[in-house]
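In order, the protein sequences belong to chains A, B and C. In case it helps, my numbering puts the first sequence at residues 1 to 359. In case it helps, my numbering puts the second sequence at residues 1 to 223. In case it helps, my numbering puts the third sequence at residues 1 to 796.
Think of the hints as simulated: they come from the structure by calculation, not from any bench. These numbers come from a predicted model, not from an experiment. Backbone N, C-alpha and C fix where the C-beta goes; we use that ideal spot for every residue, glycine too. Don't take every hint at face value.
Claimed, not checked - Covered stretches of chain C (chain A as the covering partner; in silico rule of three or more C-beta atoms under 8 Å from a C-beta of chain A):
no., region
1, 74–83
2, 104–113
3, 161–169
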Amino acid sequence: MKNKPYSPIVGRIAALFLLMITATQGHAQGFAGLGTTADGFAVPERGRALDFPQDHGAHPDYRIEWWYLTATLTGDDGHDYGVQWTLFRSALQPGDRAGFASPQIWMGHAGLTTADNHFAAEKFGRGGTGQAGVTLDPFAAYIDDWHMRSRADAGADPYDRLDIRATGPDFAFDLDAQAQGPLVFHGDQGYSVKSFDGQASYYYSQPFYDISGTLHLPDGPVSVTGQGWLDREWSSQPLSDDQQGWDWFSFAFDDGHRMMGFQLRGAQVFTAGTWITPDGAATPLPAGALQFTPLGTERVAGRDVPVRWRVDWPDGGVSVTTEPLNPQAWMDLSVGYWEGPLRFSGSHTGRGYLEMTGY
Amino acid sequence: MTSALTIERLCKTFGKGPDAVQVLDNANLEVPQGQSLALTGESGSGKSTLLHICAGLEPFDSGKVVLAGHDIADADDHARATLRRGTVGLVFQQFNLVPSLSVAANLSFQARLSGRHDPDFVAELAQRLGIAQLMSRYPEQLSGGQQQRVAIGRCLAARPRLVLADEPTGNLDEATGDAVLDLMMELAAQAGTALLLVTHSTRLASRCNARVHLRAGKLQVPV
Amino acid sequence: MTRAALQALLSHWVRSPFQLAMLLAGLALATALWSGVQALNTEARTAYATAESLLGGGNAARLTAPAGQIPESEFARLRRAGWDVSPVVEGRMAMGQTRVTVLGIEPLTAPAGGTSEELVAPDVTDFLAGLGFAHPQTLDEIGPRALDLRPSQAVPVGTVLMDIAQAQALLDKVGFITHLTLAPVQRDGLTPLATLAPDLRLTPPEDGADLAGLTDSFHLNLTAFGLLAFAVGLFIVHSAVGLAFEQRRTMFRTLRALGVPLRHLALLLAAELALFAVLAGVAGLALGYLMAASLLPDVAATLRGLYGAPVPGALQFNPAWAAAGMAMTLAGTALAGAQALWQLWRLPVLAPAQPRAWAHAGMRSLRLQGGVAVVLAITAVILAQTGGGLVTGFALLAAALLAAALIMPLVLAGALALGQALARGPVAQWFWADSRQNLPRLSLALMALLLALATNIGVGTMVSSFRTTFIGWLDLRLVAEVTVTPRTPSEASALQDFLQDHADAVLPTQRMDARLAGQPGQIYAMKDHATFRDSWPLLDAVPQVWDRLAAGEGVLINEQLFRRAGLRPGTAMLDLPELGGVPVLGVYPDYGNPRAQAIIGQDLFRATWPETPISQFALRSETPQALIAVIQDEFGLPSGQITDQAQAKALSMSIFERTFMITGALNVLTLSIAGIALFAALVTLSGMRLVQLAPLWALGLTTRRLAALELARALVLAGLTLLFALPVGLMLAQILLAVINVQAFGWRLPLQLFPADWARLALWAGLAVLAAAVPPAYRLWRYGPNQLLRVFAHEK
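Using the sequences and the hints given, assemble the complete structure.
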């Protein structure tokens, strides 16, 4: 893994994106009745129906948003691989303006994990000039020469087929993702509560991608196939003051089921999740339904990170232990976090992705 | 016979108050033209001071000093300098010569200052003083004795009315000193020049026409 | 033993406080001048580094458009193609009570490593929201302001750093950027820029604001003056140290006879010198700091006016500078004291205590000096023949000056010998002979005086020659009665239309940056107009130069480009972008411009670079004030955008005057030091001259006359020195004009003579010499018989 010195500016900018995982300025839930935070950002409201394709695009009135794709892949060389492609948006002020005057800040992250290596790269840019952003028709999320573009047929949901590309100093990937199932809405029809205080976000996924493509590694290109999971989430003040970070899992069971689960670590641990049948029917898992137990830590990037877990959903008869492809899958970027592919076994087997922040 | 130098009731005190030292107390002295007079005394008795007063180099408290008819008490600095240039010749024990001038230039310097330069006479003096072969040298290249002979030659070359000499042979060995003194006396006699010689040597003093002794500020003719 | 010996050694200084004062003053002044100049240089260089490091150092190449600005969509297009570029908007505007350069950057994409990064990072969200940064001095100049500006030393003076969005709005450049910076490392496999953006021009990093390179010659000038002043100061130290050693010979003999080892004694003396050096060094550093602080505003103004270099007017204390200054003082003291220590080392225990007269030893060393002078003179001639390079120029200058200084005592000795030979009368002869004999004692001080006088004459001649030429040139160049600078391209075209009806002639300025014969420079368009045909000064040109220029058949180049690239009109070709080789038609003087410049006909320029906006209008009018009023009414231009001829001339002249103000100040200081050196030499000499003068006094010369002769001697020696300094100074001026200026600035000026200046200098020098000579002469006059008689006194 490279240790590149990060610019202090992008470090600070990246910190804006940490709003999701650390306590932030005034959680203005008191203004929830007005539907805005103290500084004018919109706040998610329970019961608002998501509207597509508009909601695939950006929501500049909300403080933070992302387009987050993870993929568990297998190469024609027989090895396991993991890929992450993310475009984050963070607004300094609600709304948008043309040119450099735009208050919308964009950050791209790309990760590529092999059994003994982990590559990461990032990009920063400002909305308004065309350097970074999201367009709807045709759908494209982009920053510099990275993109996630729709290749769906006319009339189909733009997310049905995506073309994903990113390049780093020593890696690149080009992927083609075709959805094999419907969009899945977490929480209450996409209104996902994130704490006991009631902070929430809009959150939906496309967990059914079949993926093929090429990874460009220092040793040469590798053709890969596998499965992918796209998360879409936006909000304005999601975390509570005491919440330090989260552990987020996506599981693709060998039997075709999917499961999303996360815990927000704080004074009280807040858990939530979604059980997804192969045809896309989603069951929200309420707080406390899921249990996450770390099974020992590894020294990663100078800190102790619990890279192996047992995840239990007693009511659903699920009890699995996870094993990372590469325990050292640290995203050594302006904002560091752990993100990598895993396999699990126990009551069920399959592959998945784990993101851990705040360590 | 006219007097080259006359001193009457000369008083001189150094210092003031209880520390005052009176070196001359109503001293009287006369040196006739063409005569030589030896002034002897203990070290510190005031011999040199008396000599300096006579040359107009040092002021005095009271009394009268008449130099070749000029009362130097009445003379200002300029007039005294004129007297030194034309009337008096001085020979000190050391540092008589102008260091930047050659022996030849030093020899003729005072004669030229007083407007009585005679090259033949200078040449003769140089011969007789035994310094003719040193004419192109500079003072610092000479021995003490040689320097002293040049100083005497310079003084005589100007044909002054009165030569005031302060231990002029102090730097010379006895034989040379005698020879130089003989020459001085001879030339002084020839030119009618008076000579006041300060010395502590009774042997030298005995060769002069007369002798006075300075003690406790008083001049006495020794018995 | 050490303590007792040291006590004995130091007792000398207690008894000779004046000597000690001179020694310390000499050292302190030398240190002050040298370190003051270095402080100025350090401050300026720090400012350049600040300017260059603001945006990631000098290692970022730039992309620019011939039209002067780039649509911001080009930035996104290049980013989307994978190129790591960052946009910059830059422009001048009135802000508060001054004009500033607004520098707008895009912090998210700015190349890593610039100081702007450290500055912006802690408050990047505020920065994006409109927070700006400026040097405290700039903030003072702006005064009350609406913008949220924070003080920072990291921003060059005169610049306001802010986010690009706000800069675009302030500069009326929304949607446009001035240039793109290109990160030093780019990904492999990108579409080449030449294909992607053929309209953009890539400027290599070294062509940017390479202020350090541009201003090198200016700083070398300062350093040379500082070194000269330091050398003059060391003359004082050398003579003071030498005198103190000579006067203490008896003491050395006694100490050694009493059993102090030679090595120990030498160490003690070295320690004594080091102590003095440290004391004087500290004082000198303080003085130097004060000097630099008072000169800095002028130096900063010069650098800003001449090179556009942002140098603040307030001096920062820099420990590195102080350490270097102190080291220089210690080294200089060691140099000045080495001879004395060497003599002590070779001195037999029972050497004569009486200082031997120095006349003959002095003459020997004079002859040795003469030999060295001849070698240096030959070196200078060889350097003059081989030529090339600013450093060679200064070496030539140093060799020539030093040769002149070393040969001067011989010349003076000759002159005095002549005087002696011609003199009639004993006192006159003694006067010349005595002057000759004392010459070696005074020669160091006289050499210092020579250097100071020659420098004064040389630099004065250069500056005056320059001023005369410059004023004549300005009159020819600034013919237009009014100059108007539009704020935007749209305003430029509106002005163009409007002015056609209101001015007698409208002469638009269009220019673009370009490399000319490998150097960064600019190409200007020139309209075919009687104004230029009648008065544009040319140094050299082909026949029908104006017709051929108007027909687009060639190019005029400035003298700087002509000299550096050796492009002779009529034969040489100059490569221009887009146009290829173009014949050189003429050379014009272009004083005050450090860069290369070329002029082509307006028609050819517009055909080649049609996008280039008009940056300025020169207007001819019978009634300039009325014209200015009309333009202001119509366009509401701020007064800074409209200049009348008188203003332009005044501005040019003020830049010019300030350019040489620092040399003028150093001139005066150097002359003062030489005066002090002479004073010190005369005072110490007067103490030793008692032995020389007492016999003359005894022989009937009054002290008053002797004192008058002493004064006369000082004046004669100074007068002879001045006479000698005249040709030396003119030689210096010739070297400055024909070698140093050509190398440093790229222009050569005719040497002109200004005898009135010399007369003024002679007067000042005479006064300085009198000031130096009167006190010791007065003391001599006031010597009582006691002091003089003591010389002859018996050892009682």
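For each hint, the structure was consulted:
no., hint, verdict
1, 74–83, "holds (count 7)"
2, 104–113, "holds (count 6)"
3, 161–169, "holds (count 5)"
The structure is consistent with each of the numbered hints, conforming to all of them.
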